[in-house]
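Peer 1: Here's the letter readout for the chains.
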Amino acid sequence: MKKFLIITTIFLSICLNSLLSKAAEFELASPNLTIAKNCPTKIDINLRLSSATEYSNAADIEILYEPTKATIIDESPAAGTQIGTGNAYQRFYGNTVNLAQKTIKLTGVTLLDTINSDKLFGFIRFESAQEGEVDFTIYYVANDTHDSNIASWFDSTDILDSVQNIKFNVIDAACNDNEGPLIIFLEPQDQDQTTNTKQPITFKLIDTLSDIDINTLELWINGVLYDINSPEVDYEIIGDQYVITFTPSTDFQVGDSVEVLVKVSDVLGNKSEGSIIFFVVEEIEDIIEDEELPITVVIEQTVDQIRDFLEKDVIVGMNLPTLTSTATAITVIAFTGISLLNILNQLRSIRLIFTIIGLLLSRKKRKLWGLVYEFATLKPIPFTIVRLYDAKGKVLHQTVTDLKGRYGFPVLKGKYELEILHNDYKTRKIPAIIQKEGLINLDIPMLAKKKTKELAIHYRIFRSLKDIIRKLRTPIVILGFLFSLVALWLQFSIINIIIFLAYILILVIRIIYIIMQPRELNKLINSKTVQAIRKRAIIKIFNRKNWQLIETQISNEQGKFGFSIEPGSYALLVAAKGYQFPSKHVTKNRLIRGKLQSLIEINTKRQKRFDEDILLDPTKTKDEKMASPF
Amino acid sequence: MKKLLPLILIIIIFLNPSNILAQSASDTVNIYAVLNVIEITFRVYPEKRIPATNNWDTIADFELRDCATNATIKSYTNITVNPSGIGTIPIAPNDIIDPDNYRIAVTGYSHLTRNFNCYTINSTYPNIDLIVENKYLLAGDTAFPRDNAVTLSDLNETVSNLYLADYGSDLNQDGEVNSLDLSILSFNYSSIGD
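Those protein sequence lines, which keep their order, are chains A and B.
One point on numbering: in the numbering used here, the residue at position 136 of the first sequence is 136, and numbering is uninterrupted.
One point on numbering: in the numbering used here, the residue at position 100 of the second sequence is 1100, and numbering is uninterrupted.
The set of hints was computed from the structure by calculation and includes no laboratory data.
One should not assume that every hint holds.
A few chain B residues that face chain A, going by a derived Cβ cut-off under 7 angstroms, partial list only [claimed, not checked]:
no. : residue
1   : Lys1048
2   : Ile1050
3   : Phe1144
4   : Asn1178
5   : Ser1179
6   : Leu1180
As the structure is a prediction and not an experimental result, all values here were calculated from the model.
Every residue gets a Cβ at the ideal spot worked out from N, C-alpha and C, and that includes glycine.
So here's chain A without its partners, still in its complex pose (with noise of 0.2 angstroms):
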């Protein structure tokens, strides 16, 4: 009775702390804090989201500092000084640097969106001119809504409660240039969709520190490399910088990814190199992608069915028949009801398993219809209708969705609106731009009528459930099993067999779906330190048979990359600064002569992600040429 009074406590401190911890922090961070004058130093700006239950649609931030001791440099072609953006919210705003009121402020915000983990909100890249202290100061006081904050998406409130200021100390000393010359790209953007066969490319040089030695400039478009005596290739110089303008002479093709690589030194010949990767695409999509669903909302899914299987009175129908003791009653009631949980998660896992042999059965079908469905359940919405609009505001058809949510127009090139009416949903109005004669059938989120503060406590709660269940998992299935065995041995009843046998179900269940599951991502590996390779590299993976390009990666802050490819023979391509590919371990049998370098060899039989982590050797000297990945 004791243990169980104990174990208890600790799950419902753990859900009450989960329930109630607000916590939101800016920090301001950097590598170094002794600075020598006259040298550019950055500073990140760090949105910390620390609970997995909190989440944002808006923050501002702003920073104290004093313009005497700190000169900011401008990181905008846009008109006055202004900080660099992160990747925390779609859109940016109020971007100030204000010499007189000595404050940079900064706004973030994401449209029918949330983010609950630690992103980049912006950074600041400075250089002081005299030596001493630089203060950078998070202007923050506790309940003040005039200050610094953090909104909560639930209710608009501030949930910032604490900061992590920043003091330099700057000393006279050679300004140390190690760095190559800043590349900013300023059309288009990485990620960006464009609709522009002839999308030209502008980028901006800037060092401070020493001149850009324009003539080891490399443009790679697509694989293809141009250099600044190119045709397609022109300059402008303003004051220290290079703006670069890259025409093409061909048109990309539509349904493109274009990659973009530069390369380029500086007189000292300290290197440096960006890439974005923008698309070619038929119609615009940028309206809708505000509106795609997050990610978390599509694992909680797991909570609703969860909720939906309390619902059915599943645990409430079991006919317990009475224990003699009491205290093995409650736990043996208490643990079913986790026991239950387990089981449904594990069902997703089998759900899952079956899903990804579908996946591998089936073949790629055009889809012929859209979805009409709920943002906060994403279960499809049944008897909405949608209206397709002309230019002109006339109507052209009018459907209703089938049950499950799905419609779908034949239409012309040319522009239209499609309005979606639901009595219990807000109603909305999409454009849709048609470059060919097609099918209109985008997926729409629709928001309900009821969204309010208690939907907003009632997603509260679920996601509180889903953090718990997924920190506690392990630990509740081994103490369910122990519970399960002494209940079972002070009651050797027909429901205590039931629920031992569940729990050697479940565990047969989870060492079946980790054999079977496959894994998500691969790793870049130093074959000297056997540690993975936290650094940016480009991977590539061609087609055996016709060496055609099947798709570029750069690998994320921890070396991971996948590939979701066909079954087939590849050949993989890695390049990443510092490190030597193919790595010697690698069996001669699996290499494969390429124009420039040795490519491996890639098989994949039926799993559509190949299993196995690149290997890479170290280079001994520091400033060793990054391979080129073409």
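Keeping the supplied structure of chain A fixed, place chain B upon it in accordance with the hints.
Peer 2: For chain B alone, coordinates are given in the frame of chain A:
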């Protein structure tokens, strides 16, 4: 016999009730009167205010609508709602409101129009408490002209007033336009009023 006559008469009267009813009908008086509404008082709360209570002031448009068709019957604009959420509409003597059921629709400043239930207006000083419905006025329609929807133009209008004390864009009425106001706008983005 003479003694019995009054008794017989009484019995006849009792046995012929039509005479009594006729007598009653002839006594019926129909009175017709026109009810003049002098002042309507209502209480409504705009959403997500900081501080959260007694900060519900706004400038509202108040409509009486047909309960069945939702068509506007009477409209009163620029009604000052005090921090307690109470607004008072003086009704002009020549403005006749027929005693009936009306659907109430309220639009707050920079807010979407919100339909409430039907209420009976049959007194000179009707008092309509809309907060019992637990419905708040949704904020975000900041751009002019008001289109009763939260759109990109509203976002642009709000960000143009960032860090200022603009009444229209300060959706939570905390005295400054900042990310908390954008958060409200983002939450209601693409919403359309009733």
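Peer 1: Against this structure, judge whether each hint is valid.
Peer 2: Checked hints:
The closest approach between the C-beta of B/Lys1048 and any C-beta of chain A is roughly 5 angstroms, which is under the 7 angstroms cut-off, so the hint is satisfied. Interface hint status for B/Ile1050: upheld, as the beta-carbon distance to the closest one in chain A is roughly 6 angstroms, under 7 angstroms. Checking B/Phe1144 against chain A by beta carbon gives a least distance of about 19 angstroms; that is not within 7 angstroms, so the hint is violated. Because the beta carbon of B/Asn1178 sits about 5 angstroms from the nearest beta carbon in chain A, less than 7 angstroms, this interface hint is met.
About 4 angstroms separates the beta-carbon of B/Ser1179 from the nearest beta-carbon of chain A, less than 7 angstroms, and the hint is met. This hint holds: B/Leu1180 has a C-beta 5 angstroms from the nearest C-beta of chain A, less than the 7 angstroms allowed.
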